[in-house]
Amino acid sequence: MSEALELTVAEAARRIAAGELGREEYLRAWQEAAAADSLNAYLWTAEGGDGSQQAEGPLAGVPIAVKDIFTTEGVPTTAGSRILEGYQPPYTSTAVRRLHEAGATLLGKTNMDEFAMGSSNENSAYGPVLNPWDPTRVPGGSSGGSAAAVAGGLAPCAIGTDTGGSIRQPASLCGIVGMKPTYGAISRYGMIAFASSLDQCGPLTRDVTDAALLLAAMEGRDPCDSTSVGIPGGIELPGREDLRGLRFGVPVELAGDGMEAGVRASFEATLEQIEQLGGELDEVPLPHAEHGISAYYVLAPAEASTNLARYDGVRYGLRAEGDDLLEMYERTRAEGFGEEVKRRIMLGTYALSSGYYEAYYGRAQRVRTRIVEDYARAFEAVDFVVTPTSPSVAFELGAKTDDPLAMYLNDFFTVPMPLAGIPAISIPAGLAEPEGGGPRLPVGFQLAAPAFAEAGLLDAAYALEQAIGFDAKPGQER
Amino acid sequence: MSGAELEAVIGLEIHVQLATRTKMFCACELSFGDEPNVHTCPVCLAHPGVLPVPNRRAIEFALQIAAALECEVAQGSIFHRKNYFYPDNPKAYQISQYDSPLATGGRLGEVRIHRVHLEEDAAKMIHVGESGRIHGSGASLVDFNRAGTPLVEIVSEPDLRSAAQVREWAQLLRTTVRQRGVSDVNMDEGSLRCDATVSVRPAGSEELGTKTELKNMNSFRFLERGVGAELERQRELVSAGEPVTQETLHFDPSSGSLTTLRSKEEEHDYRYLPEPDLVPLVPTAEMLKSARASLPELPAARIARYEGELGLAADVAALLASDPRTAAYFEQAIGAGEAEPRVVANWVTGELAAVLREGGGGGGPADSKVAPESLADLIGLVASKRISHGAGKTVLAMIAADGGDPAELVEREGLAQISDDAELGGVVEAAIETNPEAAEQVRLGNQKAVGALVGAVMRETKGRADGGAVTRLIREKLGLA
Amino acid sequence: MIDREQVLHVARLSRLALSEAELERMAGELSHVLEHVDRIAELDLDEVEPTTHVVALENVLREDEPRPSWPREQILEPAPDPDEGAFRVPSPQAEA
Ligand SMILES: [Mg+2]
Ligand SMILES: [Zn+2]
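Chains as they are written, first to last, in the working numbering: chain A, 1 to 478; chain B, 1 to 481; chain C, 1 to 96.
Because the hints were derived from the structure by calculation, they are not lab data. Each hint should be verified, as a subset may be incorrect.
Claimed, not checked - Within a straight-line C-alpha distance of at most 25 Å, the following computed SDA-like cross-link-like pairs (lysine to any residue) qualify:
hint : chain 1 : residue 1 : chain 2 : residue 2
1    : B       : 385       : B       : 363
2    : B       : 393       : B       : 289
3    : B       : 124       : C       : 68
4    : B       : 124       : B       : 195
5    : B       : 82        : A       : 362
6    : B       : 82        : A       : 224
7    : B       : 82        : A       : 233
8    : B       : 289       : C       : 38
9    : B       : 448       : B       : 407
10   : B       : 124       : A       : 320
11   : B       : 124       : C       : 80
12   : B       : 82        : C       : 52
I would like the entire structure built from these sequences, with the hints used as guidance.
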C-alpha cells in the first residue's frame with residue numbers, strides 16, 4: 001500500500017475508478033499515515049471507513065486534508081483558536097460539501113495560524129506545525145498544517161485559504177503546489193472569515209494537475225455567498241507542453257533587496273526555463289507593489305477586527321466568567337485569542353476608529369485601487385506576472401516571532417494578488433541553501449494571471465512544472 | 001427669555017419592521033410571540049463562516065416606502081457594518097446603511113424626509129434578576145427570533161414644531177406605510193418604533209439649539225407625552241439661562257418621566273466600514289417602476305376614474321371609491337367577468353349591499369363570504385338568462401350566509417330559469433284558469449292586471465320563469481298578440 | 001506614534017482585557033507597524049476612488065422563501081450558559 005501513497009490524486013482516482021485500487025484500502029492507508037502525524041499538522045483525523053462517501057465523481061475515493069478554518073458539521077472546527085475549542089459547527093462549508101459531492105472523503109482537519117493570521121504557523125493555539133524538510137523550521141502559514149501534511153506524506157492533497165499568501169507561501173516553503181484562485185471563484189460560505197474582501201479558498205497539492213482537479217470540484221457560484229461567481233468556462237485538466245506565444249512579466253521593482261541569494265538564483269534559473277520553453281520575458285512596472293504590505297496590513301486587520309467581534313462568549317465557544325457583561329466580554333476575548341490575533345484586532349480597530357478612518361482605512365482602500373490598476377496595465381503587456389513566492393526559504397522556528405513587522409514584510413510577494421483579486425499559483429522550482437547554511441530547502445515560483453484566467457494559468461504552470469521536473473522529497477537532503 | 005417665545009424643533013427617527021416572510025439576510029421565518037429561539041439558524045446566530053444574502057422582497061418593500069415618501073432613490077447604495085458589542089447584536093455589527101443610503105430627500109405632508117435606509121433588527125433581551133451563580137449580579141436571557149428582521153429606518157428633517165404635531169405626523173406616516181401593506185406598523189408589537197430629537201430655539205431663529213434624543217416611546221400617546229415633557233424641560237432650562245446638555249433620554253411611560261441613559265464615550269464610535277460580504281444594491285428601472293406602480297390611488301383620483309373611464313354615476317362611483325377595500329373588490333369583480341362595470345357597480349351597491357344589510361353582518365363586500373369572482377359568476381348567470389334576476393338575489397343571499405359557488409347553488413336548488421314555451425305554456429294556462437277575473441281584466445285592456453297572472457306563474461315556478469316570456473305567453477293565450 | 005492611552009482606548013473598543021505588560025508591548029509593536037504603514041501617507045491619492053471589493057457584481061438577492069429554522073436544542077448545544085430556551089448573559093452593569 002505504501003506505493004499507493006506515492007500516487008498523485010489524479011492517478012489514484014483513475015485507478016480507484018478502474019477498480020485497480022481498493023477504495024477502502026486506500027483510505028485506510030491514508031488514515032494510518034495521518035494518524036502517525038509527527039509534524040503537528042493535524043488537529044483532528046478521521047477514523048474508520050466512510051460509508052457516506054459518494055461512489056462516483058472525479059474525486060471518488062480521494063481523502064482530503066482540510067484546513068481547520070472550514071466548517072464541517074459535527075467535526076470540531078477551531079480555526080486554530082482557543083476561543084473555538086471544542087466547537088462543532090451545525091453546518092458544512094460549501095467548499096467541503098462540493099468536494100464530498102465530487103466523491104472525496106474528509107481525512108482530517110489541519111493545523112493553522114489562529115484565524116489564518118500568520119506566515120509561519122507559530123500562531124496556532126494548538127502548537128506550531130513543523131516543516132517536513134527540517135523540523136526545526138516553520139512550514140509557512142497560515143495553511144501550514146495543510147502544506148506540511150501534503151509535503152510530509154500525511155495527505156494526498158489538501159485545501160487551505162489565502163488572504164495575503166496563506167496558501168502559496170506555505171506551499172513554497174514545503175515544496176508543493178499551492179493556488180489562490182480569483183476572488184469569487186470558490187464560495188466562502190463556511191470558511192471562517194479573516195478578511196472577507198480578500199479571503200479565498202484553494203488547493204495545496206503535489207502537482208498542478210491535482211490542483212486543477214480540486215479547483216474544478218470546488219469552483220462555482222453559491223447562492224449562500226453573494227460575492228461568489230465561479231469560474232466562467234470551468235476548469236479542465238492542464239496539458240500544455242510549451243510556453244510559445246506567452247509573455248511573462250517580471251516586476252521592475254523586483255530588483256530591490258530583501259531576497260535570499262538562493263531564492264534569487266532559483267528564480268533566475270526558472271526564468272531561463274521559461275525562455276527555453278518558448279516563453280517571452282519582459283519587465284513590467286508595478287509601481288505600487290511596494291505599498292501592498294501597508295495596504296494589506298490596514299485592510300485585512302480592519303476587516304478582521306469586525307469579523308472576529310462575534311466571538312463574545314454568548315452563543316458558542318469559550319466564555320470566561322465576569323461580574324458584568326463588559327468583564328465577561330473582555331476576559332473571554334483576552335483568554336480566547338492569541339497574541340497575533342489581538343495585535344491585528346487592535347490594529348484594525350485603530351484603523352477604523354473615529355479620527356483615523358480616512359488616514360488608514362480610507363487611504364489603504366485607495367492604494368488598493370492603485371494596485372488593481374497596476375495589474376490591469378501589466379496584463380495589457382503580458383500574460384503572467386512572475387515572482388518568487390517568498391523572499392526566503394523556510395526559516396527557523398522562533399526566528400521572527402519577536403518582530404511582527406519582519407514577519408509581515410515576508411508576505412511582500414503574495415499580498416498584491418488578493419488585493420487585486422487575481423489568481424496566482426506557487427510551484428516548486430528547486431532547492432536552495434538557506435541563509436546561514438544548512439540542508440537545502442524548497443523554493444517556490446509564483447505566476448499570477450488576470451482574474452478568471454485560471455485555465456491559462458494552470459496550463460502555463462503545468463508546462464513549467466514538467467520542464468522543472470522537481471522530484472526532491474523531504475528527508476533526502478539530510 | 002420666556003418659554004412661550006421658544007420654538008420647538010423636532011425630528012423623528014422611525015424604524016419600521018417589514019412584513020416579509022423571512023429575515024433580512026437568512027431564510028428564517030419572521031414571527032411574533034413565539035417561544036424563544038425557535039426562528040434561528042447559523043446565519044442569524046452569527047456562527048463562524050456564515051454569510052448574509054439579502055432578501056429581495058425587503059428591498060422591494062423599502063423601495064415602496066421610499067416611493068410613498070417621495071424620496072429620490074440612489075442609483076447605487078451599499079451596506080455598511082455598524083460595530084458595537086451587545087448580546088442582542090450577534091455579529092457584534094449591525095448590517096445597516098451609512099453614507100450611501102437607499103433613498104434621500106423626500107416629503108410626507110409638511111415634513112421633509114432626510115433619508116430612508118435598510119437594516120436588520122436586533123435580538124430581544126429579557127432581564128432577569130439574580131442569577132444565583134455569581135453573587136450580586138443580575139443576568140439577561142437573549143432570544144434571537146427577532147434578530148435579523150428587516151427594518152426600514154426613516155429619518156425626518158427637524159420640521160416638526162409641537163408635540164401634538166409629532167403625534168399627528170407619526171400617525172400619518174403609519175397610515176401611509178400601512179396602506180402599502182409592507183408592514184404591520186404596530187407600536188404595541190414594536191413593528192413601528194419612534195425616537196425623537198428635540199431642541200428649542202428663539203422663535204424666528206435659524207440656528208439650532210442643543211438637541212436631546214428621546215427613546216422608548218411605544219405608543220402615539222407616549223410619543224406626544226414624552227416630546228411634550230422634554231420640550232417643557234428644555235424651555236424651563238433655557239428660560240432660566242441654563243444650558244441643555246446633549247444626551248439620550250429614556251421615557252418611562254408609568255411615571256411619564258425622562259431619565260438619562262448612561263453611555264460610555266467609546267460606544268459612539270461605531271467604526272462603520274463597507275460590508276465586504278455584500279455587493280452594491282442598484283435598483284433597476286423595473287424595480288423602481290413597480291415600486292411606484294404599487295402606490296395606492298387616492299380616493300379622489302379613483303372617483304374621477306370610475307366616472308370617466310367606467311361610466312359610473314357620480315354617487316355610485318363615490319360609494320365604491322371612498323373605501324380602498326371596496327374599490328379593490330369592485331375592480332376584482334369587473335376583472336373576473338364579462339359584465340359591464342355599471343352592471344357590476346349596481347350589484348355591489350344595490351343587491352349585495354342590501355343582502356349584507358339584511359344579513360346584519362355589518363361589514364362591507366370585502367369582508368363578506370361573497371368573493372368578487374363569485375359575484376361576477378352570478379352576474380354572468382343572470383345576464384345570460386340562465387337564472388332570473390329574482391333567483392340571482394336568492395343565490396346571493398345564500399352565498400352571503402354560507403358561501404358557495406353560484407352555478408352549483410343554482411343546480412342544487414333547481415333555480416335555473418324556465419324560458420321554454422312548451423313548459424311555461426301549461427303553467428300560464430293554469431294561471432289563467434285559476435284567475436279568471438284577472439284574465440278578464442287583461443282582456444279588457446287593463447295592463448296592470450297582467451301582474452297578478454305573472455305573479456301566479458312565478459309562485460308556481462318558484463321565481464324561475466323568464467318574466468318576459470311569461471308576459472308574452474299570457475298575451476298570446478288571451479288572444480291579444 | 002500610538003501611546004499607551006490610545007492603546008487602552010482601542011483595547012476597550014475591541015473588548016480585550018490587556019495587562020500592563022501587554023499594553024506596553026502592544027504600544028511599541030503597533031507603533032512600529034504603523035510607522036511602516038504611514039508610508040502610504042506620502043502617496044497622492046486625492047483623485048483615487050477607494051476599492052472595497054474586486055467583484056463586479058450587483059443586486060445579488062435571495063427570494064423571500066422561508067426554509068426551516070434550526071432545532072432549538074441544536075443551536076443551544078454549544079451555548080456557554082443556556083437557560084430556559086435562551087442564551088444567558090451577565091447583566092450589562094454589575095450591581096454595587
Ligand atoms: Mg437604525
Ligand atoms: Zn436565520
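What hints, given by number in increasing order, does this structure fail? 1, 2, 7, 8, 9
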